[in-house]
Structure formats: C-alpha cells, structure tokens
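Participant: Listed here are the chains, written in short residue letters.
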Amino acid sequence: MPHLDPDQLVLMALEGDPADDPTAHLTACQECSREVDALRRVAGIARSTVGLRELPPAPDRVWNRIADEAFAPPEPSPGRRATAASRRRPAATAWGRWRIAVAAAIAAVCAMTLTLVFTRGPQPPRVVATAVLAVNNPAAAGGTGRAELLESRQLRITLQGLPAATGYYEVWLYDGHQRMIGLGDAGSGRQTVVVTIPAAADIGEFPIVDISAQRLGQQEHGQSMLQGRFGR
Amino acid sequence: MRPAPLSEADHGDDDDLPVRFAKGDETALRELYDRYSGAVLHLAAATVGPAEAEDIVQATFVAAWQSRPSFDPDRGSLLGWLMTIARRRAVDHVRSRTRADRATDEARKATSEVADEAADHVVARIVIADELANLPLEQQRVLQLAFFDDLTHEQIVAATGLPLGTVKSHLRRGMARLRTRWEVDGAPFGP
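Heads up: the protein sequence lines correspond to chains A and B, in order.
Counting with our numbering, you get residues 443 to 674 for the letters of the first sequence.
Counting with our numbering, you get residues 3 to 193 for the letters of the second sequence.
Quick caveat, the hints were computed from the structure, so don't treat them as lab data.
Fair warning: there could be bad hints in the mix.
Claimed, not checked - Each pair of labels, with its calculated beta carbon distance range: (1) 567/A x 162/B: 54 to 62 Å; (2) 152/B x 447/A: 49 to 57 Å; (3) 480/A x 98/B: 29 to 37 Å; (4) 633/A x 166/B: 46 to 54 Å; (5) 152/B x 633/A: 43 to 51 Å; (6) 166/B x 444/A: 19 to 27 Å; (7) 486/A x 71/B: 33 to 41 Å.
To be verified - To spell it out: a stretch of chain A is covered by chain B in this simulated footprint if at least three of its residues, at any positions, have a beta carbon under 8 Å from a beta carbon of chain B; those stretches are: (8) 445–456; (9) 479–493.
Positions of the beta carbon are idealized from the N, C-alpha and C atoms, including for glycine.
Produce the entire structure from the sequences given, and follow the hints as far as they go.
Facilitator: Following this line, the structure appears as structure tokens:
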C-alpha cells in the first residue's frame, strides 16, 4: 500500500478533508497518521500565534536594570578578566547611571508606600495553588492572567493585556463539561480582584477557571477569553 | 516605546547579531533586548504572572549576557536559546514561590506542572510565530491565509491567483520549516 504523498499529508492536517484520502489510508497506516498528527499540532500552534507578531519590547526601566547589572564594573579582586572588562566600559554609562539613580529613587518611594500599606493591613492569605490563565479565544490575544486559590476559599485573579471590556469580565469555575459557577465581576480586565468560592463547590470538581467577556445584563456565560486549570 | 516585530523578515542569513552577541559586543545585548524582550516578557507573564514578569526579564537578559560563551549559533537560534533561559528562570521562580507559600506537596506539584505546561505552550507559539515571520513572503502569505483566514487550498488559489501546484508546495515547504523550527527550539527541555 503506497503512503500518502507529502502534499496530501499537509492538506489532511490543515483541512482534514477525507477526500484527500480516498483509500482511507490513514486509518490503516500508523506512519502516515503520526505524520498528520504532528503536522496538525504545528498548525494548531501556528493558528494560536495571532497577536504574537507585534509584541512591544519590555519597558526601558527593565533595560536600565539589566545594563546596570550586566555591565557593572567587576569586583576588584579577580585579576586579568576584571581589568579587561573595565577597560571596555562604554562612555554612555554615566547617563545610564543617572537614569538608574532616578529610577532607584522612585522605586524607594514605591517600596516605602508598599511597606506602609502592608504593615498596616492584616497578613495576606496563603496561596494554596496557582493556575495560569491562557488565551482561549483569538479576541483575547495578548492577554494573560493568573488565578490563585487562597486558603480562605477565595480566588485572587490577576489579569493583564486583555482588550478593554465593552461590558465587563467575569470569573467562572467550570467542570470541563456542562456546569459553570459564576463567581463575580473581574472588572475591566486589567486589575486584580478577589472573589469567593461558594462553600458547596468543590474545586476538585470544578478545576477550570474561566474569564468571560459579558454584555451588561447578560445572565448566562458570555464569551470565554482566558482559561486555566488547577491541579494539572 | 517602539513596537518591534517579534522577528523581522530581514533577520535572514546575513543577520550578524548572533555573532556579535557571542563575541561580547555590548550594543548587541541592547539589540537583543529591542528584538526579543517582548517575547521574554510575554513568556514570563504567562508563567509567573504579570506582577513579577519584569524581574524574570531582567534575570534572563543578565544570565544570557553572562553565559554568552555557551551560545553556539550553529546549534539553534538566539531566540530559542533565550527562551530556554527564560523558561527555566520562570519555572524555577514559580517553584520557589510555592515552597515559600508552604503549600502541600500536591498543590506544589500541581503548580509546578501548570507552570511547565504554560511555559512550553508559550515557547512553542513564540518560536513558530518567529519562523512564520521569517518565511519567504509569498509562502508566508499562503500559510497566513490557511491559518488565520481558515481558507482551503482551493480558496487560497482563488484569493491569490497563484497556480494550485504553487500553493500546495508553499503549504508543504512552509509547514516543514515550522515543524523543524518547533522541534529544534520549541520542544520541551529537561527540568
């Protein structure tokens, strides 16, 4: 039995059209069927790259910290390498250092503010498990999030990069089949919210966290944007 | 802040960044940052969460600079190598955070596995997006129509006016390149 030709394998993987396999070869041939599976996985990943083409670079403040650490003058003790490295230090570093000093001052003020906030507030609740929320819909391209299960039976949801909501985002627990529990508002999609899990719900039974886009007044689950799973 | 494409079409064989970087040219680190820090940030945010993602970006580029002698341009792409470093940093960070949380063994294992999976998935997407951007333009266009517009090969013939044989060969060659790149740079690495 001749194998499918490479063009047929690709078309099967991309379009899954049985007409490209008139002899039903794939059901009988493990080799070709493995090949189609591998190509399908590649195509699946490629289809999910919408929004990845134009990722903006990380902010300049991160670069300043990198430059400061990577090009820092080495400790004076170890001999030859240190001398060679310090000779190569670029002239522009003085300017870099000035900017770093300003950034450091700002960071210090932020740290003081945070310290005040945290020392005055109660101890933060312990995180029992974390699930990464990944894009589940091309409309959410570039969005990411994290769901943290707190020992207080609450979920702390942190979202980033979702498009500004036309209605609002909502947090759901999902059993992976048919049942969903709406837990509450996740705001505009760019902040951290804490929602409470009903006492009757078992996270083992509802291990999937879903973030949906809701229209105002919409009762049922809207459009799923991000999903992540605990315990896998 | 200037949005930079993940990869530009002119990062072809005449791209000298990998060589300059390996030689320790300091401007090459800045170029590497301009080109790929968005991808590293994306991977970090998906794995450790947005709040600590910038720390991972910093650690990744500093580690890349310090271990640049270990980068071998013949063995894989600079982006793939950078992703390996970032992935390890991010997953280690999640593990150490779980330890600090004094979570149960089960929760710790679950968290670590979720982080592993998320990181693998993001790395695969990033390297395949990069390879797609590096394909010859006509091949790239044909694959984009198949992936993003969900066109069949016959619809692609109608949309582009290219002969059927050309469309099929673009699909076959383009898919082969994406697959090879995925196997070289996107396959999961050891712990």
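Participant: All hints, please: hold or fail.
Facilitator: Each hint tested on the structure:
1. Roughly 56 Å separates the CB atoms of residue 567/A and residue 162/B, a value that falls within the hinted 54 to 62 Å.
2. Remark: the range hint 49 to 57 Å for residue 152/B to residue 447/A is contradicted by a beta-carbon distance near 24 Å.
3. Evaluation of the 29 to 37 Å hint for residue 480/A and residue 98/B yields a pass: the beta carbon distance comes to about 35 Å.
4. The hinted window of 46 to 54 Å between residue 633/A and residue 166/B holds, with their beta carbons roughly 51 Å apart.
5. Between residue 152/B and residue 633/A, the C-beta spacing of about 34 Å breaks the proposed range 43 to 51 Å.
6. Range check, residue 166/B to residue 444/A: about 22 Å between beta-carbon atoms, so the 19 to 27 Å window is met.
7. Taking 33 to 41 Å as the suggested C-beta distance range, the pair residue 486/A and residue 71/B conforms, at roughly 37 Å.
8. With a threshold of 8 Å between beta carbons, the proposed coverage of the region 445–456 of chain A by chain B holds, since 6 of its residues qualify and at least three are required.
9. Here the region 479–493 of chain A counts 10 residues with a CB under 8 Å from a CB of chain B, which clears the bar of 3, and the coverage holds.
Checked against the numbered hints above, the structure violates hints 2, 5; every other hint is satisfied.
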